[in-house]
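S.K.: The lines below spell out each chain.
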Amino acid sequence: MSDPITQRQIAVEIDSATKIFESETSSVTALDNVSLKIRENEFFTLLGPSGCGKTTLLRLIAGFEHPTDGRIRLYQEDITFLPPYTRPVNTVFQNYALFPHMTVRQNVSFGLEMLKRPKDEVAKTVDEVLNLVRMETLGDRQTSDISGGQQQRVALARALAPKPKVLLLDESLSALDYKLRQDMQIELKRLQHETGITFVFVTHDQEEALTMSDRMAVINEGRVLQVGTPSEIYNFPTERFVAEFIGDSNFLEGQVTQQNETHVRVQFSPASAVDLPSGQTVLSTKKVTVAVRPEQATLTSATEQGTLQGVVKSMVYFGTHTHYVVELDSGDEFTVHLQNLRGHELHYENGSRIGVKLDPAAMQILKD
Amino acid sequence: MPNSATVVRRSDRGLHEQSETARRKKDVRKNLLLCTPALIVLIFAAAGPLLIVLIYTFLKAGSYGGVIWEWSWDGWFQVFLKKDIFDGTVSIADAHISIFWRSVKLSVQSTLAALILGFPTAYFIATRSPKTRNLWLFLITIPFWTNLLIRTFAIMQVIRDQGIINTLLINFGIIDSPIEMLYTEFSIMLGMAYVYLPLMVLPLYASIEKLDFRLIEAAYDLYATRIFVLWRIIIPLVKPGIIAGSILVFIPSLGAYVTPRVLGGGKNLMLGNLIELQFGQGRNWPLGAALSITLLVIVMVSLLVYVQNLQRKSD
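For the record, the sequence lines run as chains A and B.
If you're matching positions, the first sequence starts at 1 in this note's numbering and goes up one per residue.
If you're matching positions, the second sequence starts at 1 in this note's numbering and goes up one per residue.
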């Protein structure tokens with residue numbers, strides 16, 4: 001079965017883009033040789049902590065900034081130094097940036113008017129787009145008279161009205177409260193589906209990125225660390241930062257004692273070793289770090305062979321799960337999330353000696 | 001469901017508004033006390049004299065200046081009409097009308113000139129870093145430290161026939177004989193625009209500084225070219241500054257005395273000069289007073305028309 005996304009045309013191509021902000025006193029490298037390919041009709045997320053360069057990357061695509069080095073292409077056309085008003089790309093700004101001296105309708109029609117579309121076409125498109133974001137009844141309101149969630153919809157409508165080839169969303173949901181945000185997440189997916197426009201979404205919220213993206217790029221300190229589907233990123237993080245930033249992870253230091261075509265044996269302690277399926281990464285060193293998701297490990301009796309030995313340090317009940325923190329004999333802490341299945345409750349008291357059982361298929365060797 | 005929610009919100013707002021108006025009334029009383037000294041000064045130094053001027057317009061002129069306390073319409077009559085001293089025929093005082101016209105025309109022109117020169121300046125200052133902004137603002141206010149008369153004489157040196165501009169142009173061979181600039185209406189307009197330019201720049205700066213520059217980015221993003229960003233986004237949003245600056249330049253221009261006197265060379269009178277003439281050589285205080293009140297009315301009417309026009313455009 002082939003993945004349809006990989007066969008689509010490339011909408012945006014970032015080709016080794018570097019952006020350095022120079023001032024009299026310092027120079028800051030916001031982006032360091034970033035390359036990315038974003039495909040047509042894809043919901044692509046740029047995920048990273050604040051200050052990681054994701055917004056700078058978005059601004060390069062929008063045309064508000066130009067890269068110090070490298071190229072940006074839109075459907076093969078070089079747009080690196082084109083001004084924003086000539087690019088068929090629109091932005092939904094973090095604080096919406098609605099024009100305060102215009103009504104909702106005037107805001108939405110602004111782009112079309114600037115493109116000198118005929119009046120009746122403008123009116124028709126504005127009606128359509130307002131319908132699309134369910135704001136058709138509030139067209140004549142001033143933008144200051146509507147709620148935050150409604151402003152968000154207007155900002156979306158305004159950016160969608162000119163039918164851009166790519167829609168950029170800059171932390172567009174972060175100003176909304178939790179419930180509204182969840183509604184808008186669903187809404188955004190629906191809009192993307194209905195319009196067929198490529199969405200490039202910037203966020204620092206890993207949950208948002210996982211639930212909404214077709215593919216995502218994890219960015220830190222101006223570099224793209226990993227690109228992939230949410231499940232690839234979650235299940236097969238290649239770097240410690242990715243494993244840490246997205247979801248919770250345990251990190252185990254180990255020695256590679258054996259390596260062949262089928263498996264890699266990693267020794268964590270004299271008593272415990274795990275055979276991991278080979279081919280994940282080419283190992284150059286003997287010492288490796290392995291990431292394990294807390295829900296991918298289980299607890300068992302201390303006597304069981306091949307387990308990591310430790311003592312239960314704390315236990316918190318969460319309803320669907322119980323979170324255990326185990327202090328391993330090596331001194332490291334290891335978190336395990338056990339699912340609570342009725343009739344199969346497992347219970348381990350604080351201070352009791354237990355074994356942590358690892359699943360080789362769910363362990364990921366990290367790049368260093 | 002949405003209906004009940006709006007009802008609740010509306011009643012909430014009602015309650016809020018009631019307490020708000022009560023609080024505001026209290027504030028007004030408290031703040032009234034703060035402005036009382038200024039009010040007293042205004043009553044004695046502005047309202048009082050203005051009333052006296054108004055009374056003078058209805059009195060008879062004394063032969064050596066001053067007024068005779070006898071009721072007369074002469075002052076007002078002479079503002080717009082004149083009587084031939086030989087045959088007593090009444091005609092329109094065209095000299096006065098042309099001075100009114102010149103005053104309004106030159107004031108509008110100098111306001112426009114100050115706006116066109118001041119807007120880019122204010123925009124430039126507002127987009128500097130906060131530290132350098134203060135330096136630029138300081139530079140803008142420097143002319144205020146120098147006496148108006150001296151600044152006006154300095155302009156004379158720049159634009160007169162043997163002045164800097166003409167000398168340079170002749171030396172570079174661009175013109176053969178000096179361009180006559182001094183003692184023309186143009187020189188008055190230029191002088192007033194220059195003298196009142198800071199009064200335009202400062203309120204414009206205050207408005208532009210508050211401008212949310214993300215809106216400009218949003219407009220660029222929505223295919224607006226620079227000229228449309230200026231016309232559709234920046235100008236509407238900094239309109240309060242444009243109004244304030246224009247009023248601050250227009251009003252003193254209309255009543256200007258020193259600038260037209262020095263740069264107009266006595267042949268291009270403006271209202272301020274005409275009024276001075278009546279209180280001085282003309283020895284016709286009632287006419288001078290009536291002209292002053294006329295100036296006041298012109299200012300008020302112009303402002304009303306101007307502000308209302310702008311308001312209508314923004315709606």
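There may be inaccurate statements among the hints.
[Unchecked claim] Here are a few chain A residues that sit away from chain B, every Cβ distance over 10 Å (derived from the structure):
no.	residue
1	Thr86
2	Val89
3	Ala97
4	Arg158
5	Leu180
6	Phe251
7	Glu295
[To be verified] One-sided and incomplete, this derived list gives chain B residues near chain A with beta-carbon spacing under 7 Å:
no.	residue
8	Asp87
9	Val90
10	Tyr220
Since the hints were made in silico from the structure, they are not lab data.
Virtual Cβ for every residue (Gly too), placed ideally from N, Cα, C.
S.K.: All hints are to be evaluated individually against the structure, with a verdict given for each.
M.R.: A quick look at each hint next to the structure:
Residue-level check failed: A:Thr86 sits 8 Å from the nearest beta carbon of chain B, not beyond 10 Å. With a cut of 10 Å on Cβ distances, A:Val89 falls inside the contact zone with chain B, its closest approach being about 8 Å. The claim that A:Ala97 is not at the interface with chain B is violated, since a C-beta of that chain comes within 10 Å of its own (minimum 4 Å). Not every CB of chain B lies more than 10 Å from the CB of A:Arg158, the least distance being 7 Å, so the non-interface label is violated.
Listed as a non-interface residue, A:Leu180 keeps its Cβ farther than 10 Å from every Cβ of chain B; the least gap is roughly 14 Å. At roughly 40 Å, the least C-beta separation between A:Phe251 and chain B is larger than 10 Å, which holds for a residue marked as non-interface. In this structure A:Glu295 is separated from chain B by more than 10 Å, as the shortest Cβ-Cβ distance comes to about 38 Å. Among the interface hints, the one on B:Asp87 is violated; its C-beta lies about 61 Å from the nearest C-beta in chain A, farther than the 7 Å criterion.
The interface hint given for B:Val90 is broken, as the beta carbon of that residue sits about 52 Å from the closest beta carbon of chain A, more than 7 Å. Taking 7 Å as the C-beta cut-off, the interface hint given for B:Tyr220 holds, the closest approach to chain A being about 4 Å.
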